[in-house]
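Colleague: Sequence:
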Amino acid sequence: IVTEKPLSKDDFDEFIDPKTGEKKLKLRQDVAKKLGIPEDAQDLIEFYTDENGNQVMQLKDGARNVTIGDTIYELVTDADGKQVLKMTTKQKVGEEKLDDILRLADNMSPEAKNRYLQDLLKTGGGKMNDEIRKKLIDEMIKNAENLTGEAKENFLKDLMVNLVNELPPNVAKKVLSDIMKSTDGINTELKQQMIKNLIHDLNDLPEDLKEQALMELMKNMDNLSSEAKNNLLQDILTKVEETGGIKYSSQELRNQVLKEMLKNSQNLDEETRNKILHQVLDKITAEDGGDVPPTVLEELVKQMYNLPDSIKSKVLSEVTKNLEQGNLDSHVLSELLKHSDDLAPEILAAIIKNTDKMESSTLKELVKHLDKIPDEFKQEIIEKMVNNLDEMDSGVKQELLKELMANPNLIQDEKLREKVLKDILSNLKTDDVIKETENMTAEEKNKYLQDLLKHSGNLSEETRQQIIGLLIKNAENLDQETKNNFLKDLIENIKGKFVF
Numbered sequence: 002i003v004t005e006k007p008l009s010k011d012d013f014d015e016f017i018d019p020k021t022g023e024k025k026l027k028l029r030q031d032v033a034k035k036l037g038i039p040e041d042a043q044d045l046i047e048f049y050t051d052e053n054g055n056q057v058m059q060l061k062d063g064a065r066n067v068t069i070g071d072t073i074y075e076l077v078t079d080a081d082g083k084q085v086l087k088m089t090t091k092q093k094v095g096e097e098k099l100d101d102i103l104r105l106a107d108n109m110s111p112e113a114k115n116r117y118l119q120d121l122l123k124t125g126g127g128k129m130n131d132e133i134r135k136k137l138i139d140e141m142i143k144n145a146e147n148l149t150g151e152a153k154e155n156f157l158k159d160l161m162v163n164l165v166n167e168l169p170p171n172v173a174k175k176v177l178s179d180i181m182k183s184t185d186g187i188n189t190e191l192k193q194q195m196i197k198n199l200i201h202d203l204n205d206l207p208e209d210l211k212e213q214a215l216m217e218l219m220k221n222m223d224n225l226s227s228e229a230k231n232n233l234l235q236d237i238l239t240k241v242e243e244t245g246g247i248k249y250s251s252q253e254l255r256n257q258v259l260k261e262m263l264k265n266s267q268n269l270d271e272e273t274r275n276k277i278l279h280q281v282l283d284k285i286t287a288e289d290g291g292d293v294p295p296t297v298l299e300e301l302v303k304q305m306y307n308l309p310d311s312i313k314s315k316v317l318s319e320v321t322k323n324l325e326q327g328n329l330d331s332h333v334l335s336e337l338l339k340h341s342d343d344l345a346p347e348i349l350a351a352i353i354k355n356t357d358k359m360e361s362s363t364l365k366e367l368v369k370h371l372d373k374i375p376d377e378f379k380q381e382i383i384e385k386m387v388n389n390l391d392e393m394d395s396g397v398k399q400e401l402l403k404e405l406m407a408n409p410n411l412i413q414d415e416k417l418r419e420k421v422l423k424d425i426l427s428n429l430k431t432d433d434v435i436k437e438t439e440n441m442t443a444e445e446k447n448k449y450l451q452d453l454l455k456h457s458g459n460l461s462e463e464t465r466q467q468i469i470g471l472l473i474k475n476a477e478n479l480d481q482e483t484k485n486n487f488l489k490d491l492i493e494n495i496k497g498k499f500v501f
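According to the working numbering, the sequence shown is numbered sequentially starting from 2.
I should point out that these hints are in silico values taken from the structure, not numbers from a laboratory.
Calculated cross-link-like contacts (lysine-lysine; reagent style DSS-like; alpha-carbon spacing at most 27 Å):
no. : residue 1 : residue 2
1   : K83       : K25
2   : K379      : K420
3   : K83       : K10
4   : K83       : K61
5   : K284      : K322
6   : K436      : K403
7   : K423      : K455
8   : K339      : K315
9   : K61       : K27
10  : K220      : K339
11  : K448      : K369
12  : K276      : K197
13  : K182      : K143
14  : K339      : K369
15  : K358      : K420
Throw the hints in and build the complete structure from the sequences for me.
Modeller: Below is the structure:
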């Protein structure tokens, strides 16, 4: 923030220099205070006589500038030849100050305003808070539509390249994300051209930001037409796969592009969609030995009952193979079980047969969706899991515990049900409970912990006491009515049985 103060002799007091005995001038105390100059620096400005016999001001010892705190002091001459004290102070810019700064650009041409805003972001981007930086980027995007010709079409590319090459890496990543989120307000035709130009010149970005730039592009194309989106996704795929396109292009990025192409294909005409489906599968067959990556398989399973028979058959075959190898991804299984009513008996049989090979995350997903499996298969799955209880992951055990507490009839044999509950509860560790509940809402956590206490006879004394402590701590996050009900239920639960 730059301010100026014209100075006159009225702003100074005379004093006797104790070293020389000379009469000198120093800033009056009240003037110095207003200018942010401390008492021990009131002699910041001194006078000397020039060759014409005039008294002229200069900074102490003839310095060009002096820094005190966050302010730089300089003596400059204004248009009328008068000496002026110029003060440049670094300040934290809040939203109100930012509005004042943005207003300075109101009368600039769009091109000048674009340069001005970019310079602001370059110089202050590393220190701005997220809200102010986002507001500045929004203003840049809004101004972009007023640019002309190539400047408009290359705006996105130029903005990203100019900024991210000069900002600290952590800030550059945030800026990339903010820029793409802000483009939703740009008309779709212009946005499409901007993205196309950015993809074409992606190599101008630093290596470690290329992949993120493409991921951000894919996340922010929803307001484009399906046809435009498909064309851009094809461009991205080409850029990802071409030599030198992205030096260290990850398979994960390529798979994400293929997934987005499949998702978007549902909105295209049948002929184009079929071309894309075969393009994706042919690419996988050629480059991945026929193994469909989990990211892509999840999307294919999601669309399974709207796929051509030949591709549906390939998807089911891939699911069966993954089940037999014990590497079916949990997200794929979750999508698969959403279609449980339509699943072929051989797929359900493969799920049952291979539960012991499943990763814990996949098995946990299976337990979560037990209610979607036909009864004749459900009991067989539960029986198989119960027989492997000793080897079962603690997270899977808790998922099974939750399902049993919510629906006791999952295990129809009462003695077996009680045995399973007792086995899980007696070995339950507080750390496992905390891990299981960390992503629950306060209400969900409250219900789950109270359900555990209803079976407190099977809990170790230490675990029971710790669960009561977790409940009381969690109560702080409940609304007043739920909190009151919780305390009442808790007292009823433990009255006459336990001391805490």
